[in-house]
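Student: One line per chain: the protein sequences are A and B, in this order. When you line the first sequence up against the numbering used here, it's residues 2 to 251, in that order. When you line the second sequence up against the numbering used here, it's residues 294 to 597, in that order.
What the hints contain is simulated information worked out from the structure, not anything from laboratory work. In this text, all values refer to a predicted model and were calculated from it rather than measured experimentally. Treat the hints with caution; some may be incorrect.
Not the full set, but computed from the structure, chain A residues with beta-carbon under 8 Å of chain B [unchecked claim]:
1) V85
2) E89
3) R149
4) N150
5) V218
6) F219
7) A222
8) I231
9) I236
10) A240
Even for Gly, the Cβ is constructed at its ideal location relative to N, Cα and C.
Listed here are the chains, written in short residue letters.
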Amino acid sequence: MKLFPIHYLFFVFVTFLASDRARAAEELTVNLDHDIVKITADFNGTDVLFFGVAPDKGDIVVVIRGPLNDEIIRRKERVLGVWVNSDEVIMEQVPSFYAMASNRPLDTFMPSGVGAIHQIGIENIIIEPKKEGPQVKDPDAFRQALIRNKAKQGLYSWDPKDLTFLGNRLFRTKIRFPSNVSVGEFGVDVYLIRKGELIAQKTSLLSVRKFGLESQVFDFAQRYSLIYGILAILIAGLAGWLANSAFRKS
Amino acid sequence: MQIYLPIAEVSVNIFLILGMGGGVGVLSGLFGVGGGFLMTPLLIFSGIPPAVAVATEANQIVASSISGVLAHWRRGNVDLVMGAVLLIGGVAGSTFGVWLFTYLRGLGQIDLVIKLSYVIFLSIIGTLMFIESARAILNVRRKVSTKAHQHNWMHGLPFKMRFRKSRLYISALLPFLVGFVVGVLAAIMGVGGGFVMVPAMIYLLGMPTAVVVGTSLFQIIFVTANVTVLQAVNNQTVDVVLALLLMIGGVLGAQVGARMGTRLRGEQLRVLLALIVLAVCAKLGYDLIATPDDLYFLGGAPSH
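Please model the complete structure; the sequences and the hints are all you need to start from.
Tutor: Here is the structure:
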């Protein structure tokens with residue numbers, strides 16, 4: 002069902018390349034097969050296809066970053082035989098989602114300065130404890146734990162093989178948005194690196210939104226929590242009464 | 294078929310949830326228990342955050358206890374005066390319980406407290422039930438002293454009240470206290486608390502067995518309703534979609550269970566239930582003690 006837009010994009014890019022070569026030579030372009038990820042009742046994660054045209058030869062890195070949030074990481078400790086939560090760290094404004102794809106391993110072409118400035122590569126994401134929050138002796142262990150846990154949940158991913166060139170300049174990649182992805186505006190950054198230099202960069206947006214009844218239920222529960230609670234009881238009361246009267250006769 | 298739960302923010306298999314609701318419903322129809330103490334751990338096992346499991350289960354129990362109390366009401370087995378006193382205690386207890394829940398959630402210890410409470414209560418109840426039903430099967434007779442008027446320290450307490458339907462003249466503090474404790478359990482464990490309240494009403498208050506179940510169900514409706522509203526307001530952890538699925542499964546299961554129950558022998562059923570309870574307890578206990586895959590984990594509300 003998603004085949005149509007992909008073909009369409011192919012068509013667009015091919016004509017684009019043919020008709021306007023001069024302009025294409027300057028600009029790095031990227032397009033997605035859908036720019037809104039909809040979280041609906043049957044949402045079980047989705048793949049988004051990214052197509053782009055590089056203006057020049059070189060290596061391409063695509064980075065998708067989710068909205069920034071403070072994240073809490075807790076460490077368990079054994080107390081009287083039972084694992085309880087002990088130390089905790091609040092990491093300040095960490096991307097809730099981070100997916101990176103490149104046509105070959107980063108360390109083969111990425112200049113370290115560029116990687117650090119643009120936070121390209123998992124080790125370059127800025128993850129630091131909040132100053133006002135609790136402090137620990139080994140914040141790096143918590144940083145690693147955050148990356149490990151996010152990766153396990155499918156929220157952080159980095160695979161150098163995921164981006165492929167479909168010719169000289171046309172490239173594509175597929176990014177997985179798992180079912181637990183958070184909502185908001187996602188930044189899509191594409192970088193073109195050549196001979197250890199950042200030649201071109203392009204930023205676009207992708208939004209992840211809840212659609213349908215689910216999002217309304219969630220918003221309602223947050224905004225009108227008292228009415229929500231009362232409604233929950235009324236539904237339960239009705240269900241109980243219905244159940245009783247339905248089965249009494251039989 | 295997957296369904297995305299709006300509050301729990303996970304997608305689950307709709308048939309798994311309906312099946313769990315149905316399965317626990319069968320047990321509750323079979324044994325006359327609310328089933329909350331089995332449902333909440335099952336929800337936790339299937340990946341629902343414990344805080345959401347507890348709050349949502351409270352919502353489901355409102356439905357199942359209303360359906361139950363209507364049947365008892367028609368037979369006149371509800372002591373309203375006793376129910377009201379239990380209820381005052383229950384509302385106070387559950388309000389305190391939800392406050393405690395919110396506080397512990399802030400400390401990042403709520404999941405531990407939920408699981409620990411389950412291990413403690415399930416192990417006690419499972420063991421007691423197992424011993425009692427095993428004895429019944431082995432036909433060992435015990436002499437139980439069930440004097441109608443045992444005079445002890447409890448009768449020296451103030452605020453004496455007359456409970457006509459229960460044929461009791463006791464201090465109102467006792468049912469208040471029972472209600473309070475059950476209210477706290479309802480808030481923290483997401484259970485109706487029938488499994489604690491019923492024995493307490495029989496052995497501690499000395500109520501006649503006939504009115505015990507109806508009266509406890511009456512009280513449970515309001516306590517779990519109170520928990521549902523308070524959890525919704527304080528923690529936003531009530532998932533109505535999940536609750537609705539559980540209600541559907543639970544209602545159908547309970548009817549099946551009630552019909553099966555008439556054909557099976559009581560003692561064997563109780564041994565079975567005891568074994569189920571102990572198995573759930575063992576699994577929860579093992580998870581607390583076993584070294585986790587990762588000592589670090591994400592999430593939870595921030596400390597204040």
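Student: Going through the earlier hints one by one, which of them does the structure break, listed in rising order?
Tutor: The structure breaks none of the hints.
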